[in-house]
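Order-wise, the sequence lines are chains A and B.
Quick note: the first sequence uses my numbering, first residue 1, plus one each step.
Quick note: the second sequence uses my numbering, first residue 1, plus one each step.
Source of the hints: derived by calculation from the structure; they are not laboratory data.
Quick caveat, the model's predicted, so the values are computed rather than measured.
Quick reminder that beta carbons are idealized off the backbone N, C-alpha and C, glycines included.
Do not take every clue at face value.
Reference excerpt, derived from the structure (chain B facing chain A, CB under 8 Å, subset only) [to be verified]:
id	residue
1	Leu4
2	Glu12
3	Ile22
4	Phe29
5	Leu30
6	Val37
7	Gly124
8	Met130
9	Ser138
10	Ile145
11	Leu148
12	Ala153
13	Asp238
14	Ile262
15	Ala274
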Amino acid sequence: MADSQTAPLEPITAADGTPLKKKLAQALFRSRVRAVSLVVPLFAFVMASFVIPIIALMWQGVYNDRFSSHMPNLTEQLTMWDGLTEPNEKMFEALVADLKTARADRTIGRAATRVNQESPGTRSLFTSTARKAKKLKPPFKESVIKANKKWGNIEVWQAMKITSQDLTPGFYATALDGRYTVDQGFVRQDENRQIYVKLFWRTMLISATVMGLCLLLGYPVAYLLATLPLRTSNLLMIMVLLPFWTSLLVRTTAWIAILQSQGVINDLMVFVGITADDARFSLIYNMTGTIIAMTHILLPFMILPLYSVMKTIPPSYMRAARSLGATPTMAFIKVYMPQTIPGIGAGGLLVFILAIGYYITPALVGGQDGQLISNMIAYHMQKSLNWSLAAALGGILLAGVLVLYWAYDKVIGIDNMKLG
Amino acid sequence: MAKLPPYTSTGEYIWHYVYRGICGLIFLFLILPIIVVLPLSFNVEPYFSFTKGMLNFNPEAYSLRWYEDILRNGMSAPDEPFGWAWLADTWNNGQWIRAIRNSFFIGICATLLSTALGTLAAIGLSRSEMPYRRLVMSILISPMIVPLIITAAGMFYFYSQVHLSQTYLGVIMAHAVLGTPFVIITVTATLVGFDKSLVRASQSLGAGALITFRKVQMPLIIPGVISGGLFAFITSFDEVVAVLFLASPEQRTIPRQMWSGIREQISPTILAVATLLVLLSIILLTVLELLRRRSERLRGITSS
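Next comes chain A alone, as it looks inside the complex (with noise of 0.2 Å):
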């Protein structure tokens, strides 16, 4: 009786004394650590090689000095010209001091190029002027218009103005086909130079097109794979794995070899009679190549998740719906596609995901309208050298990744991912 009476007053403790619900949080925050430290130096990886370099990458598009560093006088007085009034003499003796040390420095051409991105050919106007800013003399003002009357338009100053502020909108406007200008805001572009919102839509319009094909061409495969007895279909299943596991650029040129002009598929055609030999069909070196080419690619992500998700059907419901009467058509529809339904997401999204920012093919078979956004992003990345451009529109094209990849989280889980 005294023990039980003691009992409550005193906690249960460990064998080193301390109290049992001490020595269970401990031993429970070490473990936390054990597997924190774990992770930690991979994340630490992924952080410095990975997320930086992108988010390094991404903050080019809103942020761009390469103005203001190389003009720094006139950028001083264009922040305090409100953009609407004529330009005055002080800006005009900014211009020239500035255009005479960049000269020195040869950054000229960097600022001019700045400049060019916002008010195309305007590149010429900088490096002309800034060749003969030595001998120019006060007042300013008049001897610069002097020297090239285009300095006399406002527009130029205007342009300088939204060029001088290193924190921009600009390169998003110019990516969704806009502009921004002093004076009126965001104002769309004229219509023969709108061409990035197009390219974003006929991006959509090719994966939602693989998409929709890898599904049609990867459903009945998935499904008689997992039907058919596992010996059979480990066998057929090599099928779908050996192109999974050959090099991309291997399956690329296969395919340059199958549907060029002078390619398999054209002599076939031609041998059986179809097609003339002088009019074969052009099939690579535009849309439709890509598209056959990217759907081959992709294929296999869309079987593997479908075929996971089959494999786990037991075939019994269909033979119940079967002798409860349903016609095979019915059965299939009814019962057992509504099941399938988490491969088709999983198997959807992923390929989605995976052609919206697809490089490679339609680089190599793509021709004139089977560019992708990727293409005019490495365009832009390597020859336009406006990587802040590149980077607005990698941003847009990422945010949009991003929505299907947390989509993708939700609705199947990334843990669910399976490989092979």
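Got chain A; can you put chain B on it based on the hints?
Only chain B this time, still in chain A's reference frame:
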């Protein structure tokens, strides 16, 4: 499906074979590129298409010249007699040989890095005590999801500021990051079926954490680790976008060499290389299948 039940109607009977025919065509679509590449790589002519002689199975229409070209291309003296000097020449100067060497070097380094880091992280992530598990996991998997062009552009921009672009280290780091999601996914999948009481049993028998890991945990998850490593290797081996942005001509890999081959001087040498790569993927696939069987056997799952 092997044998149709007796209540099958004629319509179903026909559909059954039509359906199999459709599936056969889809399988043909899947395997066609690989089948086409093999014979074309033995073409005597410098074209990408079948010649009359090839279709008539004329032995003179077939040759190994493009396989020889893999060795010869870029050599300083390709017509010297075969010998040690010739071999040294192709080893040092052969364009494709250099690409093959680079691919293996970069691939193996990236695989070791991503397998080591990825396996540790997967073990940590599979513990229920791990805080913010889902968020961390989705960040670590994201290199697989983010479009390669954005990854490559970001790395190009950032790495050139820290002097990592155009170096082997830069390319290896890029490939290691791209490979880790595969390691995490495969190792996590193996750990799902892992019986935790085995660890407790080992600990209660007096083994320390390190010995438990080495003697109990590792042998059971090793198939997952190896197949994750293979995935990481093939990812690096096949990767071209990051190489396009980050590598100098010195670090050209096989896909990079094929890329410029397709864009600039189209020659069947690419097809010969492609055939060799198909062989490599067959080998990798076989290894993977053997590993899967071993893993199932170890865990006591028998396949019927």
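Here's how the hints hold up against the structure:
{"no.": "1", "hint": "Leu4", "in the structure": "violated (12 Å)"}
{"no.": "2", "hint": "Glu12", "in the structure": "holds (6 Å)"}
{"no.": "3", "hint": "Ile22", "in the structure": "holds (6 Å)"}
{"no.": "4", "hint": "Phe29", "in the structure": "holds (7 Å)"}
{"no.": "5", "hint": "Leu30", "in the structure": "holds (5 Å)"}
{"no.": "6", "hint": "Val37", "in the structure": "holds (5 Å)"}
{"no.": "7", "hint": "Gly124", "in the structure": "holds (3 Å)"}
{"no.": "8", "hint": "Met130", "in the structure": "holds (4 Å)"}
{"no.": "9", "hint": "Ser138", "in the structure": "holds (6 Å)"}
{"no.": "10", "hint": "Ile145", "in the structure": "holds (5 Å)"}
{"no.": "11", "hint": "Leu148", "in the structure": "holds (6 Å)"}
{"no.": "12", "hint": "Ala153", "in the structure": "holds (5 Å)"}
{"no.": "13", "hint": "Asp238", "in the structure": "holds (5 Å)"}
{"no.": "14", "hint": "Ile262", "in the structure": "holds (6 Å)"}
{"no.": "15", "hint": "Ala274", "in the structure": "holds (4 Å)"}
Violated hint for the displayed structure: number 1, the only one.
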